[in-house]
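Visitor: Since the structure of chain A is provided, determine the placement of chain B on it from the hints.
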Amino acid sequence: MAARTDNAIAVNRFGLGARPGEIMAPGHDPRGWLLAQVDRPQPLPAAVQALPPSAQVLAEFQAVRQQMRQARRDAKDVDPVQQVRNTLAPAYRAQVMARYAAAAKTDAPFHERCVHFWTNHFAVSADKPPVTALAGGLENEAIRPHVTGNFADMLLAVEQHPAMLMYLDNQASIGPNSTAAKRAARFRRTQRKLDINENLGREILELHTLGVGGGYTQQDVISLAKTLTGWSVGGGQGPLREGVPGEFQFRAKIHEPGAQTVLDKRYPQQGLKQGQAVLRELAVQPATARFLATKLVRHFVADEPPAAAVDRVAAAYLHSGGELQASYAALIDSPEAWAEPLAKLKTPHDYLVSAVRALDVQPRGDRQVVGSLMLMGQPAYRPGSPAGWPDTAADWDGADGLMKRIEWAGAVGRRVGGSVDPVQRGDAVLGPVFSDDSRMWISRAESRTQGLTLLLASPEFLRR
Amino acid sequence: MDRRRFLVAAGAGGFALACPGLALARTAGDSRLVVVILRGALDGLAAVPAVGDPNYRRQRGALAIDAPGTAGGALALDADFALHPALTGLHGRYQQQELLVFHAAATPYRERSHFDGQDWLEAGAAHARDGWLNRSLASLPNAVSGERGIALGSTMPLALRGAAPVTTWAPSRMPDADADTLNRIGLLYAEDPLLAQRFSEALAAAEIAGTMGGVGPAFGARAFEQLARAAGRFLAAPEGPRVAVLESGGWDTHANQGAANGQLANRLQGLDRGLQELASALGSVWADTAVLVVTEFGRTVAVNGTNGTDHGTASCALLLGGAVAGGRVVADWPGLAAGDLYQGRDLRPTMDLRRVFKGVLHDHLGVAPARLEDRVFPGSRAAAPLGNLLSS
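For the protein sequence lines, the chains are A and B, in the order given.
Quick note: my numbering has the first sequence finishing at residue 488, numbered continuously throughout.
Quick note: my numbering has the second sequence finishing at residue 518, numbered continuously throughout.
In isolation and in its complexed conformation, chain A is listed as follows (with noise of 0.2 Å):
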């Protein structure tokens, strides 16, 4: 039996790129394959489960925190900068090699490319310490566990996964009539006014729910911003370090007290419930609906989001609830996503998961991860920003990533190639949409390293 060109879409563009065999696997039912993916949690990927938590590596960084202040008063010389690294950076690696030698070896490759999907919705970035260690732990900790859940429930556990609370500065957002804040200005401890930060709030609804032009304005991104003070992590030094550290923590004494208006809808809940009933409103928004949709056909379907896709999976969205389960088997069902094999050029990342699998190798050492996505222009879980990484091709056409990427090939063809046919190897993980000519050249080249170096620069291996 010859794949159709269904299966080589499902493998390589809802999948992470074949591995050899594996184009065969949706057999008759690619939709069914895929779907089968997401019916169920999936188990956290054995590389994955030996992590540790995000709030024990926040913990032993607050530790070395505290001995870098002791160490200051006792005036010993320390690097401050220097120690900060030496306690982060291997967590970072080794959370950035559980997460591509998981993306190398799953079965459930559609399950694995969804959970990149929504880490890059919910992006953090690792180049802001403490972050750079808890960043992998946002996507195992808050976004796997609901992955094939309801998109509520993970919009609730991102906002307070430490990763997320940190990185946009909501431990330091404080409601200025806050109990805190009150004592504060009685006995004069700062002269710095204590008031809100607005940056989670805002970004919740410009990049995690409604969208940009989602119909919210300035009075709601300060109200939600307001019903989210308190929102913390445990530990640290100063008078608000009760709780676990490391873990979530509402902390009371600074949240602001009141009712809120969000959207029109009143909240006259206390404390944590406050924030949590306004997220949860936030999640099944219409607005929420269309934003999570466009974004979702874009990634999976193409550049340009056919209408009548986004409106189909908006729809079971909005019907389920916002199940996210539902909202995949709409985009599964959508003609236009079966109608274009190769609709999308591969981000760098998209680009070393699938040359790692079509090769069947597990990749060795992080320093050749880690410094491969750097080559090639998109760190690992370092977009830099709270937007996340673009997903069209122009954002990744240009002319010295499509160098770096050959370049890349040319070093994997030479790590790899002379065990490697590389016309079979075409056949196994492209099979229908490798085209005669890439075939013709590659069987051309002077030797299989050459040719398994043409493959991977292919036209069709460049894109998904």
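What the hints contain is simulated information worked out from the structure, not anything from laboratory work.
Using N, Cα and C, we set each Cβ at its ideal position, and we do this for glycine too.
Do not take every clue at face value.
Said to hold, decoys possible - DEER-style ranges, computed between Cβ atoms:
id, chain 1, residue 1, chain 2, residue 2, range
1, B, HIS253, A, ALA60, 33 to 43 Å
2, A, PRO414, B, ARG501, 58 to 68 Å
3, A, GLN73, B, ASP500, 50 to 60 Å
4, A, ASP335, B, HIS253, 49 to 59 Å
5, A, LEU59, B, ARG236, 34 to 44 Å
6, A, LEU399, B, ARG236, 42 to 52 Å
7, A, LEU399, B, GLU365, 49 to 59 Å
8, B, GLU273, A, PRO114, 31 to 41 Å
9, B, GLU365, A, ASP131, 45 to 55 Å
10, B, ASP500, A, PRO76, 55 to 65 Å
To be verified - One side of the interface only, derived from the structure: several residues of chain B facing chain A at Cβ under 10 Å:
id, residue
11, GLY178
12, TYR182
13, ARG287
14, ASP304
15, ASP306
16, ARG324
17, ARG348
18, GLN469
Guide: The following block gives chain B in isolation, referenced to the frame of chain A:
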């Protein structure tokens, strides 16, 4: 041209086989062997032009190289053969009697696929899973513990793959994609407007910046020089490996091959320099060294429609080193007249390359004749080892 010149060497080989002890003049344990694999099929008539063949100039057309003695002309070896003008170092070796040239040589492989042809060249048989060089290591009389073979590169070439312990070494920073690979990627993108556009922008930018080694013509050559130097240092170490494999790409010259100058001339110059680097890195050990330079097959005698040559059959092979009885061209010359060509297009193979391999393995590394027949090159009885390749 004297077709009989070849029999001198062949006859002596037959004698040596009958009395193996006589040929084992040197201690096999001190001998070093380097095998240089030129991937992509070297044009043997470009590297070693048959300037004495009456049909040479007419058959080669635009690819013909001027006769020795003229400006930019070939470097004379004997009345019939010369070296490409870029091979000045090798010409010096020839004059010092440290270079043997074989011509019209090929493995028994008669198709024209690079992948299969290289497999044959390295495995020494069809469909073998390990290499003849590894099988020779396994059957060395005094196999010492530790790795006796090393490949310079990130992967183990088939020639060295097998049961005997071998290793690889590559510089931590391997060079970027070479010019030949980049040319091919350009072809691969011809039907893809976006990638074609971006690719040409990238090449233009690299050319302006002059940063990327991959674009310069001498680039692949530099990489080879670096690996050759490293090979020399490994082999010079008293307890180091005794056998090394070097690989070089970019020989598949389908277009704009050039004659005395040009693409292939640059490659040859890089090869020549690399071999000089190897010799100087080996130092005094050069006296115990034999370097075998081989390719999977040759190229068409006539120029094609894109000023290059297509896949052919016989090519040349080189054997050089302080241990080599050089200063000769060994060939049973088939001729270049239209009727002499293999399938009307290729240089006709008249020498089985396995004869060269077997001669070197026996006389230089001391691999026993029975092993050569049974294990290293099974079914090669008809291809008797060439003798008198090494100086005694």
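Visitor: Enumerate the violated hints, using their earlier numbering and listing them in ascending order.
Guide: 5, 7, 11, 12, 17, 18
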